[in-house]
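Peer 1: Listed here are the chains, written in short residue letters.
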Amino acid sequence: MEICRRKDHIEISELDPFLAELLRQIPASASPDGVPSAEQRLFSPPTNGGETELRAEWKIYVEPELRRLFQTATETVATDLEQLNGNEKSLGNRTLRIPAKHADAWLSALNQARLVIAAKNNFTESELSDHFRSPIGSRRDLSLFQINFYGFLQEFILRDVG
Amino acid sequence: MSREPRRDVGCRAQSKEIDRTTHVLDEETGSVTTVEPTIEKETRSEEDLDLPWQVVVHNDPVNLMSYVTMVFQKVFGYPREKAERHMLEVHHKGRSVLWAGMREPAELYVQQLHGYLLLATLEKTD
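First to last, the sequence lines map onto chains A and B.
Each residue of the first sequence is one higher than the one before, counting from 1 in our numbering.
Each residue of the second sequence is one higher than the one before, counting from 1 in our numbering.
Hints may be right or wrong, so weigh each one.
[Stated by the list, open to error] Derived lysine-lysine pairs resembling DSS-like cross-links, with alpha carbons at most 27 Å apart:
#	chain 1	residue 1	chain 2	residue 2
1	A	K101	B	K93
2	B	K93	B	K82
3	A	K59	A	K120
4	B	K93	B	K124
5	B	K93	B	K74
6	A	K59	B	K124
7	A	K101	A	K7
8	B	K74	A	K59
9	B	K74	B	K124
10	B	K124	A	K7
11	B	K124	A	K120
12	B	K82	B	K124
[Unchecked claim] Between beta-carbon pairs, the in silico distance windows are:
#	chain 1	residue 1	chain 2	residue 2	range
13	A	A28	B	K82	21 to 31 Å
14	A	G92	B	K93	14 to 24 Å
15	B	P79	A	A100	21 to 31 Å
16	A	A28	B	T125	38 to 48 Å
Note that these hints are calculated values from the structure, not bench results.
Only a predicted model underlies this, so the values are computations on that prediction, with no experimental measurement involved.
Beta carbons: idealized from backbone N, C-alpha and C, even for Gly.
Just chain B, with the same shape it has in the complex (with noise of 0.2 Å):
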C-alpha cells in the first residue's frame, strides 16, 4: 500500500530584478551618465524547478462516489475521511487537487488514477 507522499509545493523557479540605476556626474563636462541597472537572477536547480505539478481529479457523473473514494484511499493512501473529502470536493466543485510535488511521481500517480478510469490531469501550478 502506498503512503501519503510529501507535499513538495510552493517552491517555485523565480527570477528577482534589483533597481541599481545610478547617475554619474562628470565634473569636468557638468554631465550626467546613468548607468543602467543590473539584472540579477536567481537561479535555481532543475530539480527545483521541475516542482509544481498538481494531480487533479475531475468530476465525473458515471464513477460511484464509494468507488471515487475507494481509488483515492488505495492510490494516495489517504485516509477514508481525507479520501471523502476529496471525493465531495470533485463532486461540489468539479475537480479536486489530490497531491502536489514533482513531475514524475506526479506522472504516475495521474497513470494509476487513469488505471482506475478516473478523469486525472497533471497540471502545472501557476
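Extracted from the complex, chain A is given alone in its bound form (with noise of 0.2 Å):
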C-alpha cells in the first residue's frame, strides 16, 4: 500500500484486496447499533453525575445532533469507498482518492469506528499500545489491527491537514 498527498485529494494506491475490505468496513464498523458500551462511548453524559436537568436537556437536543454529524461524516466516507466497487479483478489492487475537503469526514468515521471496535472488543489499555502485536491469530487480533490501520491513516491525513 502506498499514501501520498497529490493537489487535491489523498491518494492511496496499491491497496490489496484485504485493506481494500478493511477500509470498506468502515462505514459499517462505526456503528454502535446493538452494542451498549460503544453507544454509551459515542454519546456519553455531558457530565460526571449530578446536572439531572442538563443530562435530560442533552438526550433531546445535543444527541440527535451528533447522530446527524456522525451519519454525515459516514455517509461522506461511504460514498468515497465506492471506488472500490470497480469493475477491477476482485483479486486485483486498487486506488482510492479522498477529496481534501472530505478530510474532515474521515477523521470523524475513522474515529467513530476505532472508538466502536474498542468499545465492542473491551480492549485494555496496554492491547491498545501494542502495535506490533502479529500474526492476526484470531478475530480480536483483527479487531486490533483494524484500530491500528484506521489510526495510521488517522495520522496521515492529520499531517496533511496540519
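Both chains come to you apart, so use the hints to assemble them.
Peer 2: Rendered as C-alpha cells:
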C-alpha cells in the first residue's frame, strides 16, 4: 500500500484486497447499534453525575445533533469508498482517492470506527498500545489490527491537514 | 475559527457572616441582655452565580494524541504548544481543564468536543 498527497486529494494506491476490505468496513464498523458500551462511548454524558436536568436536555437536544453529525461523516466516507467497487479483478490492487475537502469526515468516521471497535472488544490500554502485535490469529487480533490501521490513516490525514 | 475566550474564573457567590453579638446592661434590674448577631449577606447577580464552570477533558486510550491536539486547536483556538500541553496533561494526569467561565459557552464547548468524540464534561468548580 502506498499513500501520498496529490494536488487536491489523498491517494491510497496498491491497496490489496484485504486492506481494501478493511476500508470498506469503516461505515459499518462505526455503527454502535446493538452494542450498549459503544453507544455509551459515542454519546457520553455531559457531566460526571448530578445536573440531571442538563443530562435530560442533552439527550433530547444534543444527542440527535451528534447522531446527524456522525452519520453525515460516515455517509461521505461510504460515498468515497464506492471507488473500491470498480470493475477491476476482485483480487487486483485498488486505488482510493480521498478529496481534501472530505478530510474532516474521514477523521470523524475513522475515529467513530476505532472507538466502537474498542468498546465492542473491551480492549485494555496495554492492548491498544501494542502496535506490533502479530500475527493475526483471532477475530480479536483482527479488530486490533483494524484499529491500528485506521489510526495510521488518521495520522496521515492529520499530518496532511496540519 | 474560534478565538480563545476570556477566562472568567474566580468570581464566586459568597455569604459573609459578621459577628455583632452585643451585651446590653439594664441599669434598673442589673440584668444583661444578649442581642443576637445580625447576618449580613453579600449578594451577587445571577450572572455571577453562573460563573464557575469548567470544561474538563478526560483521558481516552483510543483517541490519538495528534488528533486530540488538533481538536483543542480547532475548538478553543489554542496555539499548538498550548494544545499539546493540555493533551499531555490529559494523557498523564487523566484530565485537563480546558476552559472555565460561564455555563452557556461551557456547554457549547462540551458539545463541540463530543462532536469530535472526546470525553468531555462540564463541572462546577468547588
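Peer 1: Each of the hints needs a verdict: does it hold here or not?
Peer 2: Evaluation of the provided hints:
1. A:K101 to B:K93: violated (35 Å)
2. B:K93 to B:K82: holds (16 Å)
3. A:K59 to A:K120: holds (22 Å)
4. B:K93 to B:K124: OK: K93 (chain B) and K124 (chain B) at ~19 Å, within 27 Å.
5. B:K93 to B:K74: holds (22 Å)
6. A:K59 to B:K124: holds (20 Å)
7. A:K101 to A:K7: holds (12 Å)
8. B:K74 to A:K59: holds (25 Å)
9. B:K74 to B:K124: At roughly 24 Å apart (the allowed maximum being 27 Å), K124 (chain B) and K74 (chain B) satisfy the hint.
10. B:K124 to A:K7: violated (47 Å)
11. B:K124 to A:K120: Judged against 27 Å, a Cα distance of about 32 Å means the pair is violated.
12. B:K82 to B:K124: holds (23 Å)
13. A:A28 to B:K82: 21 to 31 Å: Once the Cβ atoms are compared, 37 Å apart, the range 21 to 31 Å for K82 (chain B) and A28 (chain A) is violated.
14. A:G92 to B:K93: 14 to 24 Å: violated (49 Å)
15. B:P79 to A:A100: 21 to 31 Å: holds (24 Å)
16. A:A28 to B:T125: 38 to 48 Å: With a Cβ separation near 42 Å, A28 (chain A) and T125 (chain B) satisfy 38 to 48 Å, so the hint holds.
Hints 1, 10, 11, 13 and 14 from the earlier list are contradicted by this structure; the remaining hints agree with it.
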